[in-house]
Amino acid sequence: MLRALLTSTTLSLLVSRALAAIGPVADLVIANADVSPDGFTRTAALAGGTVSGVIITGNKGDNFQINVVNSLNDSRILQSTAIHWHGMFMAGTNWADGPAFVSQCPIAKGNSFLYDFTALDQAGTYWYHSHLSTQYCDGIRGPLIIYDPDDPHASLYDVDNDDTVITLADWYHVFARGQAGVPTADAILINGLGRWASDPTSELAVINVQFGVRYRFRLVSMSCDPNFLFSIQGHTLNVIEADGVSIVPRETDQIQIFAGQRYSFVLTADQEIANYWIRAIPNLPAPPANPVENGINSAILRYVTADVAEPLDDSIDIRNPLDENALVPLENPGAPTGTIFPVNLQFGFNPANLQFTVNGAPFIPPDVPVLLQLLSGAQTPDTLMPGGSIIRLPANAVVELSMPSGGLAGSPHPFHLHGHVFDVIRGPGQPANTEPNLTNPPRRDTVSIGNAGDNVTVRFVTDNPGPWFLHCHIDWHLELGLAVVFAEDTDRWVSNIDPSPAWDELCPIYSALPPGDL
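Take the sequence shown: its letters are residues -20 to -1, 1 to 498, numbered as in mature numbering (1 follows the signal peptide of the UniProt record, and there is no 0).
Quick caveat, the hints were computed from the structure, so don't treat them as lab data. Only a predicted model underlies this, so the values are computations on that prediction, with no experimental measurement involved. Incorrect hints may have been included.
Estimated spans, in silico, between C-beta atoms of each pair [as the list claims (entries may be wrong)]:
{"#": "1", "residue 1": "Thr21", "residue 2": "Val139", "range": "32 to 38 Å"}
{"#": "2", "residue 1": "Pro132", "residue 2": "Asn476", "range": "40 to 46 Å"}
{"#": "3", "residue 1": "Gly72", "residue 2": "Glu183", "range": "20 to 26 Å"}
{"#": "4", "residue 1": "Asp179", "residue 2": "Asn333", "range": "32 to 38 Å"}
{"#": "5", "residue 1": "Asn333", "residue 2": "Glu273", "range": "35 to 41 Å"}
{"#": "6", "residue 1": "Gly367", "residue 2": "Pro322", "range": "20 to 26 Å"}
{"#": "7", "residue 1": "Gln335", "residue 2": "Asp179", "range": "34 to 40 Å"}
{"#": "8", "residue 1": "Ser382", "residue 2": "Ala306", "range": "18 to 24 Å"}
{"#": "9", "residue 1": "Ala389", "residue 2": "Leu498", "range": "24 to 30 Å"}
{"#": "10", "residue 1": "Arg56", "residue 2": "Pro265", "range": "21 to 27 Å"}
Note that beta-carbon positions come from the ideal geometry of N, C-alpha and C, so glycine has one too.
Take the sequences, apply the hints, and build the full model.
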């Protein structure tokens, strides 16, 4: 297990190697290292010593105790951190959810913090990442896989392990800290490797398969910005999970996956023994005429005994792209009904100050975390900060959340809700006059709100007290204010949420840091 005493030099030797998964009880060391996943060398911030992030695993119902050790020491990158466990409900443990200044203060460099939470009735494909400013764009991100010993889809595949996790990420040659606006990614990484278009010669990730074997691949978009068109040349992808929710299997040959989303699909290795391209074509920057020229935006699927070579065929033949709105939950389909508590959001963007707004207000992180404001008695439910960015939700209500895109700058925007999954009763590509699907809508925790004319609408039940972030998962947009906090069932925060003693120490330690150590 990696320890805090590992130096940046030592870590730089590990970033290109496959590291054994850790968890559910483990240390997760966050440290700087010089890396060159696309052929360009830069200093990054890594989780567990690898660009794609060490895989954290456990089983349904497990208690996770992840001790995050902050060994960051390069002032060009934020040196404090906070880790979010994307997709986990955190029932009763909102204090461990991770978003800085919503549920905790950051972990100061040279310190550690134990995240202690239980995967109550949750299994599937998740991930973790820094939730402090835009820090995860500098590398702090990785997969979180929770296995179900009684997986209802177990009969569909033969292999499901660390080797069948596929991560997609955008990679930048500039540091995220201090960026004004939205930088453009220099490369796309698949399992931590990719090619820079200006020097497309670096090593690509290779996924090996045995002819005749059925593999459950777990696809995780750890993107800071672009969405991807994902495909595996010549193969059908049988999708069985979306964002931790098992679904009725649906075959496709291309998945559009947005920042924060995850899918599981079964691939049967039934093609000619050869090499095949794995593609993750980003929407940004605008794809060139050949978006996979010289192996950019690509990895390789290699059959055992095939030549060690790159595929010769560059063609892309997509005939059955996935319709996200057609995904049906395998268990308990149907949106919640009852007395509706409507929440209507209006999004805006001011190009003069590069600021997004929700219902007229940009989200500006408060000095004191929202959770602490109420638990300490410093604020009442009616005075929680930041003003204009807190939306109170009553207990045990059916919230119907309407998010019309309005052609907002930077569209399409993927929105993620902490602490819940929701039923997408009106999805991307469906305008306001579309009849809502209450019978068997998709269920997930991250959804694109689409483009001009779309009115994505979701429902969920307020059965999980706490402050829960709703935000665009394009991290640059979140930094520019595209978020709100749902203050859910505030009457039960004190009785339902009991932070650890170490949580109480985070804010005093962080507040005492000199500006150069933040």
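Mind checking the hinted window 34 to 40 Å against the Cβ distance between glutamine 335 and aspartate 179? holds (36 Å)
Given the hint of 40 to 46 Å, is the C-beta distance from proline 132 to asparagine 476 inside that range or not? Distance hint for proline 132, asparagine 476 is violated at roughly 31 Å.
Lying within 35 to 41 Å: is that true of the beta-carbon distance asparagine 333 to glutamate 273? With a Cβ separation near 38 Å, asparagine 333 and glutamate 273 satisfy 35 to 41 Å, so the hint holds.
In this structure, is the beta-carbon distance linking aspartate 179 and asparagine 333 contained in 32 to 38 Å? At 36 Å between Cβs, range holds.
May I ask you to test the hint 24 to 30 Å on the CB atoms belonging to alanine 389 and leucine 498? Taking Cβ atoms as reference, alanine 389 and leucine 498 lie about 29 Å apart, which means the hint holds.
Just to be sure I understand the hint, the distance between the Cβ atoms of glycine 72 and glutamate 183 should be within 20 to 26 Å; is that true here? violated (44 Å)
Against the range 18 to 24 Å, how does the distance between the Cβ atoms of serine 382 and alanine 306 compare: consistent or not? Holds, since serine 382 and alanine 306 (Cβ atoms, about 21 Å apart) stay within the stated range.
Return holds or violated for the Cβ distance of threonine 21 and valine 139 against the range 32 to 38 Å. holds (35 Å)
Take the C-beta atom of arginine 56 and the C-beta atom of proline 265, compute their distance, and say whether it sits inside 21 to 27 Å. holds (24 Å)
Holds or violated: 20 to 26 Å for the Cβ distance of glycine 367 and proline 322? 22 Å Cβ-Cβ, so the 20 to 26 Å window holds.
When held up to the earlier numbered hints, the structure conflicts with 2 and 3 and fits the remainder.
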